[in-house]
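Go ahead and model the full structure; you've got the sequences and the hints to work with.
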Amino acid sequence: MLQLSPEEIAETLTMITQQHFDIRTVTLSLSLTGCAADSVEAVADRVYDRVARSAEHLVPTCERLAREFGVPIVNTRVAVTPVAEIAPDGAGDLAPIAHALERAAAVVGIDFIGGFSALMHKGIGTADRALIASLPEALSSTERVCASVSVASTRAGINMDAVLLTAEAVLATAQATAARDGVGCAKLVAFCNMVEDNPFMAGAVHGAGEPDACVNVGISGPGVVRAVVQSLPEDADLTQVAEAIKATAFKITRAGELVAREAASRLGVEMGIVDLSLAPTPAEGDSVADIIEAIGVKRCGGPGTTTALALLNDAVKKGGAMGTSSIGGLSGAFIPVSEDAGMSRAAASGALTLEKLEAMTAVCSVGLDMIAVPGDTPVETIAAIISDACAIGVVNGKTTAARLIPVPGKRPGDTAVFGGLLGSAPVMSVSEWAGSTLVRRGGRVPAPLSSLRN
Amino acid sequence: MKIRAILSVLGEDRVGIVAAVSAALASCGVNIEDIRQTILSGVFSMTMLVTVDEDACPFDRVQAKLAEVANDLGLQITLQREDVFRFMHRI
Numbered sequence: 001m002l003q004l005s006p007e008e009i010a011e012t013l014t015m016i017t018q019q020h021f022d023i024r025t026v027t028l029s030l031s032l033t034g035c036a037a038d039s040v041e042a043v044a045d046r047v048y049d050r051v052a053r054s055a056e057h058l059v060p061t062c063e064r065l066a067r068e069f070g071v072p073i074v075n076t077r078v079a080v081t082p083v084a085e086i087a088p089d090g091a092g093d094l095a096p097i098a099h100a101l102e103r104a105a106a107v108v109g110i111d112f113i114g115g116f117s118a119l120m121h122k123g124i125g126t127a128d129r130a131l132i133a134s135l136p137e138a139l140s141s142t143e144r145v146c147a148s149v150s151v152a153s154t155r156a157g158i159n160m161d162a163v164l165l166t167a168e169a170v171l172a173t174a175q176a177t178a179a180r181d182g183v184g185c186a187k188l189v190a191f192c193n194m195v196e197d198n199p200f201m202a203g204a205v206h207g208a209g210e211p212d213a214c215v216n217v218g219i220s221g222p223g224v225v226r227a228v229v230q231s232l233p234e235d236a237d238l239t240q241v242a243e244a245i246k247a248t249a250f251k252i253t254r255a256g257e258l259v260a261r262e263a264a265s266r267l268g269v270e271m272g273i274v275d276l277s278l279a280p281t282p283a284e285g286d287s288v289a290d291i292i293e294a295i296g297v298k299r300c301g302g303p304g305t306t307t308a309l310a311l312l313n314d315a316v317k318k319g320g321a322m323g324t325s326s327i328g329g330l331s332g333a334f335i336p337v338s339e340d341a342g343m344s345r346a347a348a349s350g351a352l353t354l355e356k357l358e359a360m361t362a363v364c365s366v367g368l369d370m371i372a373v374p375g376d377t378p379v380e381t382i383a384a385i386i387s388d389a390c391a392i393g394v395v396n397g398k399t400t401a402a403r404l405i406p407v408p409g410k411r412p413g414d415t416a417v418f419g420g421l422l423g424s425a426p427v428m429s430v431s432e433w434a435g436s437t438l439v440r441r442g443g444r445v446p447a448p449l450s451s452l453r454n
Numbered sequence: 001m002k003i004r005a006i007l008s009v010l011g012e013d014r015v016g017i018v019a020a021v022s023a024a025l026a027s028c029g030v031n032i033e034d035i036r037q038t039i040l041s042g043v044f045s046m047t048m049l050v051t052v053d054e055d056a057c058p059f060d061r062v063q064a065k066l067a068e069v070a071n072d073l074g075l076q077i078t079l080q081r082e083d084v085f086r087f088m089h090r091i
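Protein sequence lines correspond, in order, to chains G and F. Residues 1 to 454, numbered by this note's numbering, are exactly what the first sequence covers, in order. Residues 1 to 91, numbered by this note's numbering, are exactly what the second sequence covers, in order.
Do not rely on the hints blindly, as some may be mistaken.
[To be verified] To spell it out: a stretch of chain F is covered by chain G in this simulated footprint if at least three of its residues, at any positions, have a beta carbon under 8 Å from a beta carbon of chain G; those stretches are:
| hint | stretch |
| --- | --- |
| 1 | 15-24 |
| 2 | 57-71 |
[Said to hold, decoys possible] Footprint (simulated), chain F over chain G, 3 or more residues, beta carbon under 8 Å:
| hint | stretch |
| --- | --- |
| 3 | 67-76 |
| 4 | 253-259 |
What the hints contain is simulated information worked out from the structure, not anything from laboratory work. All C-beta atoms in this analysis are idealised placements derived from N, C-alpha and C, irrespective of residue type, glycine included.
Right, here's the structure in full:
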């Protein structure tokens, strides 16, 4: 009768109770295309109704699933159609729509709502400009609303005008939330090759190719993988390390697949994707940097880090790919500095620099993530850092992103504290030799030849 | 609706664990399908395959009842749907 061995049962229980095994996020993705109207107020009212009604059962359903499966679900979130796409013609301030999203998120009890977003990788529309202009107000007056902008893609190249606009918005948002170390910027991410089904914040949106509503699930964090790597003997070779990570990734992805199926069925919506990303939290042990160190790098950021990260990222994808046929989202290790205790420690000790993080972006999904920089960093420097991350994504046909937080009044060596899951991070030093003229030229960096695949 | 679930009990061995757990299950109309039980260096470890009849007693009420037993006897008791284990370990 009992087809499972006691060892398998014990293994799952150990993963949950001792190794941070959980489902990182269940994100209900909702189309808002039916909410378009000819005034901002009317759009805001419709958006509130749509989200409050459609996401009503999300939190209780996830709580019940977590109890039944005995697997914690850490975050419940909603992602919506990029707001600039439903903004009325000639609208000025779009912040009322952000306020409506915030109220709806509060009433249904979710952690974050993403989609106060604009897609500008090829061109900037009037609604996109309105949205960017509304960002400082929208992000400083809400707690749960997340914003993202698409500024580059392999098919379009890098829209440097959009990059510069974004950099200006980042600095203005930091100023608007200066009293809290610029925390508004933690909810704003700039993307290259943005994906349409990402369940993770701040970049979750409901993309154009999606059904009316679906459930996307992000799998567990790095704690279990770190425990498995640490339990290997010292002389295990790298093939064995990769094998062990693969086997673990399979198991945690299967749990994600099960939760995604059940949540979709109970909410009466389609199952979307399972995102195979390892997303860290500030909790001790739940860190991608700790895995890199367990693989054998003295301190994350030191030589060998990119190799270890590439091995980790690939092994997670290989194991996860057997666990679900609905892979999507970003599906690569996250390396945020403030949200990962090990990364934050490595940055504080000087082992991890901005330039090394940029190199790491080349082998995993989201690169320059949750990085605190001095508050007086010039706008051109912010733009140049974003465009460097985009260049890696454009040329390599992969998603990259930048989530920079210029912390007002703070200098390298100071610590920025964002609280909760956003964690804290040392303010990192930034090169003073930025391509200011480059970003001021504007226009578009043409798409690389690799875009011509047809 | 009937839900197959895995019940696991872990803790210091003492008189009455099996009796208390099975009494709690019986009071909720939960059927025991299979039991494996061992004692490893004084640690009592029991795994049960059970069927929860939600029409008789909802899943979360069974869990609450078991939590009382766990609390009274100083044990760690978990009740989880069986498919989470099956999904993770079997293709």
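8 Å C-beta criterion, at least three residues: is the stretch 253-259 of chain G covered by chain F: holds (count 4)
Verdict on chain G covering the stretch 15-24 of chain F, where coverage means 3 or more residues with a C-beta closer than 8 Å: violated (count 0)
Stated coverage of the stretch 67-76 of chain G by chain F [criterion: 3+ residues, CB within 8 Å]: Result for this restraint: holds, n = 5.
Apply the coverage criterion to the stretch 57-71 of chain F and chain G: a residue qualifies when its Cβ sits closer than 8 Å to a Cβ of the chain, and three qualifying residues are needed. holds (count 3)
Violation of the numbered hints given earlier is confined to hint 1; every other hint is satisfied by the structure.
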